[in-house]
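Model the full assembly from the supplied sequences, consistent with the hints where possible.
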Amino acid sequence: MTVTWRRQGDAGLVELANPPVNAMGLAVRQGLMDAVKWAENEPGLWRVIVSGQGRAFAAGGDAREFDGDPVPPHLPDVLDAIESSTVPWIAAAHGVALGGGAELMFACRYRIAAPGTNIGLPEVTLGVVPGAGGTQRLPRLVGLGGALDLISSGKPVSATDAHEMGLVDAVADDPVAHAMALDMALVRDRPVLSTLDGPASDDDAVETARATAHKRMRGQIAPQRAIDLVALSARAPFRDALAQERATFVELRTTDQARALRHIFFAERAAKAPGWLDAEPRPVDRAAVVGGGTMGAGIAYALLLAGIDVTLLETDADGVARAKANIGRTMDQSAKRGLLSGEKRGRIEAALTVTDDYGAAAEADLAIEAAFESMDVKKAVFGRLEKALPTDAVLATNTSYLDVNEIAAGLADPSRLVGLHFFAPAHIMKLLEIVQGDETSHHALATGFALAKRLRKVPVLSGVCDGFIGNRILARYREAADTLLMDGTNPWELDEAMVAFGYAMGPYEAQDLSGLDIAHANRQRQAATRDPNRRYIPIGDRMVAEGRLGKKVGVGWYRYPGGGGKVVDPLIEDLVREEAHFAKVERRAFTDDEIRRRLVLAMINEAADILAEGIAQSAADIDLVTVFGYGFPRWRGGLMHHADTLGADCIVADLRTLEAEDPIVWKPSAALVACAEQGIRLADYRSDR
Numbered sequence: 302m303t304v305t306w307r308r309q310g311d312a313g314l315v316e317l318a319n320p321p322v323n324a325m326g327l328a329v330r331q332g333l334m335d336a337v338k339w340a341e342n343e344p345g346l347w348r349v350i351v352s353g354q355g356r357a358f359a360a361g362g363d364a365r366e367f368d369g370d371p372v373p374p375h376l377p378d379v380l381d382a383i384e385s386s387t388v389p390w391i392a393a394a395h396g397v398a399l400g401g402g403a404e405l406m407f408a409c410r411y412r413i414a415a416p417g418t419n420i421g422l423p424e425v426t427l428g429v430v431p432g433a434g435g436t437q438r439l440p441r442l443v444g445l446g447g448a449l450d451l452i453s454s455g456k457p458v459s460a461t462d463a464h465e466m467g468l469v470d471a472v473a474d475d476p477v478a479h480a481m482a483l484d485m486a487l488v489r490d491r492p493v494l495s496t497l498d499g500p501a502s503d504d505d506a507v508e509t510a511r512a513t514a515h516k517r518m519r520g521q522i523a524p525q526r527a528i529d530l531v532a533l534s535a536r537a538p539f540r541d542a543l544a545q546e547r548a549t550f551v552e553l554r555t556t557d558q559a560r561a562l563r564h565i566f567f568a569e570r571a572a573k574a575p576g577w578l579d580a581e582p583r584p585v586d587r588a589a590v591v592g593g594g595t596m597g598a599g600i601a602y603a604l605l606l607a608g609i610d611v612t613l614l615e616t617d618a619d620g621v622a623r624a625k626a627n628i629g630r631t632m633d634q635s636a637k638r639g640l641l642s643g644e645k646r647g648r649i650e651a652a653l654t655v656t657d658d659y660g661a662a663a664e665a666d667l668a669i670e671a672a673f674e675s676m677d678v679k680k681a682v683f684g685r686l687e688k689a690l691p692t693d694a695v696l697a698t699n700t701s702y703l704d705v706n707e708i709a710a711g712l713a714d715p716s717r718l719v720g721l722h723f724f725a726p727a728h729i730m731k732l733l734e735i736v737q738g739d740e741t742s743h744h745a746l747a748t749g750f751a752l753a754k755r756l757r758k759v760p761v762l763s764g765v766c767d768g769f770i771g772n773r774i775l776a777r778y779r780e781a782a783d784t785l786l787m788d789g790t791n792p793w794e795l796d797e798a799m800v801a802f803g804y805a806m807g808p809y810e811a812q813d814l815s816g817l818d819i820a821h822a823n824r825q826r827q828a829a830t831r832d833p834n835r836r837y838i839p840i841g842d843r844m845v846a847e848g849r850l851g852k853k854v855g856v857g858w859y860r861y862p863g864g865g866g867k868v869v870d871p872l873i874e875d876l877v878r879e880e881a882h883f884a885k886v887e888r889r890a891f892t893d894d895e896i897r898r899r900l901v902l903a904m905i906n907e908a909a910d911i912l913a914e915g916i917a918q919s920a921a922d923i924d925l926v927t928v929f930g931y932g933f934p935r936w937r938g939g940l941m942h943h944a945d946t947l948g949a950d951c952i953v954a955d956l957r958t959l960e961a962e963d964p965i966v967w968k969p970s971a972a973l974v975a976c977a978e979q980g981i982r983l984a985d986y987r988s989d990r
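According to our numbering, the sequence shown is numbered sequentially starting from 302.
Hints are computed from structural coordinates only; laboratory data are not their basis.
Mixed in with the good hints, there may be bad ones.
[Claimed, not checked] SDA-like, lysine to any residue: derived pairs with alpha carbons at most 25 angstroms apart:
#1 Lys731 to Gln558
#2 Lys754 to Ser459
#3 Lys853 to Phe673
#4 Lys754 to Leu653
#5 Lys853 to Arg638
Written as structure tokens, this is what we have:
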């Protein structure tokens, strides 16, 4: 049974039993309704204590039901029955109480949480609003401002914070025992939330919430609709507002945004080692990281946070000093944000060794190379690691572009090498591309996936190609942007168009932050193998030649006076016009829609090739890479999900139109053509490679 109940003295003990997180699907809703009826008919029962088995109280509704028609009993009706029961219900929560689980707590007469419990209403992150009274009961419990913060952000609060704001009545190590000991007169006399007056109006709080949601969740519908509903709690009767909440929930659950957010939600949870990978991973207690720059220091810090001892290796004493400074700054930033206590920092520092002596890593289970992006440098590093580390240690490269097979070929045992492509900042960014070379052993691959799980990363398996999945798509995105730049736009027009699409920043602001010299070095590396018939845009090379390397030097595509925010630089327009004149390009204006169409089509076409070549295992994997590594708007579901909303037939038709302009760049991918001809989605496409 998904809900059980039994009597203990004058108490009814109701327990949710729907592992792993007690999602409130149909069986749980029906079970709760049956439990209400049981309690109503049980003589001498003075209280009902509802709790959850396993690691959670209840983690919301079952999102898998959202694609079908709602099936009764609906959660609002279940919670109304609990709230209006003649036997008072008490919530005894632990682990998480999210979404419908939190709304279940609000419907109870008294709420208790164990320390460490997280309570929240994350519905807006799935493109909907709370649908079972959350937008109306919570404001009556904690006030308008507190409810706006919780509901419009979707972020949970801890049990301690929930207690301070009045969301829970008590924090106890054993919530059920605490509920059993309560004076029932205290509980019985409390009014249920639906009978209370709404909170006081606060127009300033509402407008602040709107502005914050617009900034943090640009382009998303649900946060603003949720704010409307919370504001309604101060103006409308409870039942009228509850009906409006339910209507909004039902409306939003079938929107493209909600479907996209559900898709990426399930794709993230499905991200794990492939089923065919049956090897045991190597346990990693000690790791070596080579390179103490920004990336290496970030990787080392991520490992340390996961409880892994780290030896951070550099080339000389100066490198050691820089590495110590880099990781120190990273810890300082975490401490400033309240994410690193002094005690925890002490433990991390005790687990870290920074040295130029490779012998100090002699007991490492895993080594991750994060050195300069040069094949010669990386081969030299692995030569030293091979000599210093145990022969069964797993070796990993963090290369962003280079051929993993060529790196592995320099090893006595190439099967030891796996690609682990982290994204900066490595201790924050969730994506980890795990690159399988031709000789990579299943043991090394399994170790990579196990490490990703330990670091709480989203792992995506990639084959070997230049740039793997993400950077290969990024290269086409930037190429399309540079072509538009040469042919008639300017950087800020391109950036603004893509911010309107849903990116946090456009391609040129992003390049200013990463440094124009990085992309330049990669273009130089590719020069010898570049297709001579493919159009090449030299504007970026000129920028580097003139020292415009980005924000770190105060000038790139934009100017950054005093190291502050970006300012449009009119000199860029002159520079671009000069380059267009040299190339004999007749420039023209492009609309924002044209800009977005070309940039997105370029990415989709390249991603489809990646899928056809078997570099990515599925369209969903590409969605994860683009969302978690490259800022593609989550509410569009990732690049390939967005492509499927457009339709392969429409995409191919658009590419055919552009192909007449440049047949090399815009030739439609075979995967897209196949999907269009067969009438299937990219999500259902399977490569035969």
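Hints versus structure:
no.: 1; hint: Lys731 to Gln558; result: 22 angstroms, holds
no.: 2; hint: Lys754 to Ser459; result: 24 angstroms, holds
no.: 3; hint: Lys853 to Phe673; result: 18 angstroms, holds
no.: 4; hint: Lys754 to Leu653; result: 21 angstroms, holds
no.: 5; hint: Lys853 to Arg638; result: 23 angstroms, holds
The earlier numbered hints are all upheld by this structure, with none contradicted.
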